[in-house]
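With chain Z held as given, fit chain B onto it using these hints.
So the protein lines, in turn, are chains Z and B.
The first sequence begins at 8 in the working numbering and counts up one residue at a time.
The second sequence begins at 8 in the working numbering and counts up one residue at a time.
Since the hints were made in silico from the structure, they are not lab data.
In this list, chains with the same sequence are indistinguishable; a pair is considered to hold if it fits within one copy or across any two.
When the alpha-carbon atoms are kept at most 25 Å apart in a straight line, the in silico PhoX-like pairs for lysine-lysine are as follows:
1. Lys159 / Lys24
2. Lys212 / Lys241
3. Lys159 / Lys124
4. Lys241 / Lys206
5. Lys38 / Lys241
Here the structure is a predicted model, which means the values were calculated and not measured.
Protein chains: 2
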Amino acid sequence: MLTQKTIKQINSLNQKKFRQQAGLFIVEGVKGVGEAMNSSARVELVVIEDSKRQQKDFIELARLADQKKINLEYCAPSAIKKIKSTETFPGILAVIKQPEVYVEDLFETNNIICLDKISDPGNLGTIIRTADWFGLKNIILSENCVELYNPKVVRATMGSIFHVNIFQSNNLADDLLVFKKEKNYFLSGLVLDGVNLEKMSNGNKTIYILGSESHGIRPEIERILDKKYTILGKGRAESLNVAITAGILLNKITAC
Amino acid sequence: MLTQKTIKQINSLNQKKFRQQAGLFIVEGVKGVGEAMNSSARVELVVIEDSKRQQKDFIELARLADQKKINLEYCAPSAIKKIKSTETFPGILAVIKQPEVYVEDLFETNNIICLDKISDPGNLGTIIRTADWFGLKNIILSENCVELYNPKVVRATMGSIFHVNIFQSNNLADDLLVFKKEKNYFLSGLVLDGVNLEKMSNGNKTIYILGSESHGIRPEIERILDKKYTILGKGRAESLNVAITAGILLNKITAC
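In isolation and in its complexed conformation, chain Z is listed as follows (with noise of 0.2 Å):
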């Protein structure tokens, strides 16, 4: 069973502050848990409520865990109500290390999704999950971007964090421009005002830049872009979704 010390390393991990000091965050769920243990990650715990043993699902990942020489625990639902971070708990979580994830292990890429300034979670976490959809591997994140280990994101990546590399910079601008002068990168983002972005062809070696909804591309960044790309409305909605950009934005990448 769970220490009570283990008990309160997990529940510390639903604090931004706690998952950073630590280098660790938690995955919830059948799924994400079986993608996490399948994946490169670094899992160091996973923890099944007892209720849930015999299940099948359950079963399966408790051997896969015991096959992978995982740590794994079964926990009483008095401990889980202090572990848990959403109402519902789904009946296992795991404790995973956050990868290292330099600038450099981007370099050799083609295409980079790369989002400024990206708050919402849910919109973060549905963009993981898309690119992966049509593989598309690489994405940095800004500085100013919603926290990746925020357990909203990961739970709306569903499993997909387990198959991106995701590189967070501390300075877009200047881990761009270095993309750009010394790696011949090209810089396309999505404004308002660009081309229409049926006409995009794909070269090779592209950061496709998306900004906020409500602020768009940071000036700094979109100073430094090559190319400006819009996804033309004709209605009278102010504006899409980030996320639903992206989706719009990958297809097309993919297609090209």
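Quick look at chain B alone, frame taken from chain Z:
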């Protein structure tokens, strides 16, 4: 000021049962209320939080209500607590009459988006907002979708609910057959094993059908489709979010 009776009535509209009985729904926020008053929606009442009455946006909306002869009430914070549907009340709400949209209202239109069993309110609202962005004004909801006037749906539409015609079917399979057999509509559905969506060409009078993420289009609907399309994935994600799918489809319809 608001009477106790009105406070009670507004509060009751947070429940689906009472929304249906009264044929009313609530929109909150400056943008939503503004869109409602500037549309053909029948706005029964506007309520502004007393402390906001001197703020610019609220003064403008109060003036608009006056011009349009819409009932306007100011409201003390203590009453707001009883009527708000979210933790952070944005200072204004309106009570709106649910419009009556009949199947016949859609017979003369070209393209229609049809949603089968979409259960997530955020997804439904986002799809309505995206349809509005692309100028596609006609939407059919199946009998088992999340309720259109659920506050989370209304909020996610960002005011677009007032720009589109939404017919809520009681029997989608039967209604689609009428469109197909009597009105010569072509039925195209998004499924997992269809033709690449990129190959779609856009004829006249088509109904585009999307099912839920977990179950897809129901068999009785899939059976009557004329054509099936798929958004091809290359990665490892199991599925695309349905709102993302709708966004890619809507962009394709517009670009065709």
